[in-house]
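Colleague: Respectively, the protein sequence lines represent chains B and V.
According to my numbering, the first sequence is numbered sequentially starting from 1.
According to my numbering, the second sequence is numbered sequentially starting from 1001.
None of these hints come from the bench; they were simulated from the model.
Since the structure is predicted, the reported quantities are computational estimates derived from the model, not experimental observations.
Be aware that one or more of the hints could be misleading.
Covered by chain V, according to a simulated footprint, are these stretches of chain B (three or more residues, beta-carbon under 8 Å) [to be verified]: (1) 8-19; (2) 55-62.
Here are the simulated PhoX-like cross-link-like pairs (lysine-lysine), alpha carbons at most 20 Å apart as the crow flies [unchecked claim]: (3) Lys1157/V to Lys1105/V; (4) Lys78/B to Lys66/B; (5) Lys1105/V to Lys9/B; (6) Lys9/B to Lys1157/V; (7) Lys1144/V to Lys9/B.
Cβ coordinates follow ideal geometry from the N, Cα and C atoms, glycine included.
For reference, the chains in residue letters:
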Amino acid sequence: MEELEQHLKAVLHRIDPPPGFEARAVRRRSRPGLKWAAALATAAMIVAGVYWQGEIAKERVMVALKLTGTKLQQIQEKVDHAQ
Amino acid sequence: MRDAERRFADLVHTHQSMVFSIAFHFLRDRFAAEEVAQDVFLQLHRKLDELQSADHVVFWLRRTASHRSIDYARRRRRGPIAVESAPESPVDGDVGDIFLRDRLKALIASLAEAPRMVMVLRYQEEMMPEEIARVLEMPVGTVKSHLQRSLALLREKIERSIGEIR
Chain B
1 MEELEQHLKA VLHRIDPPPG FEARAVRRRS RPGLKWAAAL ATAAMIVAGV
51 YWQGEIAKER VMVALKLTGT KLQQIQEKVD HAQ
Chain V
1001 MRDAERRFAD LVHTHQSMVF SIAFHFLRDR FAAEEVAQDV FLQLHRKLDE
1051 LQSADHVVFW LRRTASHRSI DYARRRRRGP IAVESAPESP VDGDVGDIFL
1101 RDRLKALIAS LAEAPRMVMV LRYQEEMMPE EIARVLEMPV GTVKSHLQRS
1151 LALLREKIER SIGEIR
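The shape of chain B in the complex, shown without the other chains (with noise of 0.2 Å):
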């Protein structure tokens, strides 16, 4: 092999990533789960609060026909009296 080949395998010989790589690397493969399980609470937020908001609505129309009711009864007792 030629001297210059040898001077370039000393300059590309195989060198050590930083600390820790090892730990990042097997750490992170977990990262794609983590995002669908984040993804699922998201969904399951949004879920719960267009539940939440339902139930709300479905309160304020049964109070809506509370007071309703009640109005007309009290019209019908003022035109039963009025007779």
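Please build the complex by placing chain V on the supplied structure of chain B, with the hints as guidance.
Modeller: Chain V in isolation, oriented as in the chain B frame:
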């Protein structure tokens, strides 16, 4: 630890130096090399079931590390000039050798992407032109041509700046 997780951890342990060095010698940037190498191992984890033999894993890692490094350099659109020094093996030469090797690093970093990766695979991994051709998905003739031209260019520039190298 499950078998697949243990296998992955073993592969990272065994091949981290190879993958990191391919990226580092090509990019000459420690942070960029770590980013590329970490991405390569993340992709390896997803492909683990498809890679059965040890040879297949090594081939796949070399190919993926090479292509990822080239993609990274293109994305960043930065020149290959910034040369970060790699830790040397125990000093094995005189001052002239050390100076020559520093000059060589700069010259390798100044090569275009394809010939630079060919040089990294040839002299870091000691791969034959046929193997390099398979990894880089290019004709063997192109690999040989890159090697010959790069060696001639390096020899010419080194001779000009330092002296005759046989």
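Colleague: For each hint, tell me whether it holds in the structure or not.
Modeller: Here's how the hints hold up against the structure:
Closer than 8 Å: that is the beta-carbon criterion, and the region 8-19 of chain B has 11 residues meeting it against chain V, so the requirement of 3 holds. Counting residues of the region 55-62 of chain B whose beta carbon lies closer than 8 Å to any beta carbon of chain V gives 0, which falls below the threshold of three, so the coverage claim is violated. For the proposed pair Lys1157/V and Lys1105/V, the alpha carbon gap of about 12 Å is at most 20 Å, so the pair holds. In summary, the hint linking Lys78/B to Lys66/B is supported, as the alpha carbons are separated by about 18 Å, within the 20 Å threshold.
Restraint check: the Cα-Cα separation between Lys1105/V and Lys9/B comes to about 11 Å, which is no more than 20 Å; the hinted pair holds. Restraint check for Lys9/B and Lys1157/V: the C-alpha separation of about 18 Å stays at or below 20 Å, so the hint holds. Simply put, Lys1144/V and Lys9/B have alpha-carbon atoms about 17 Å apart, close enough for the 20 Å limit, and the pair holds.
Checked against the numbered hints above, the structure violates only hint 2.
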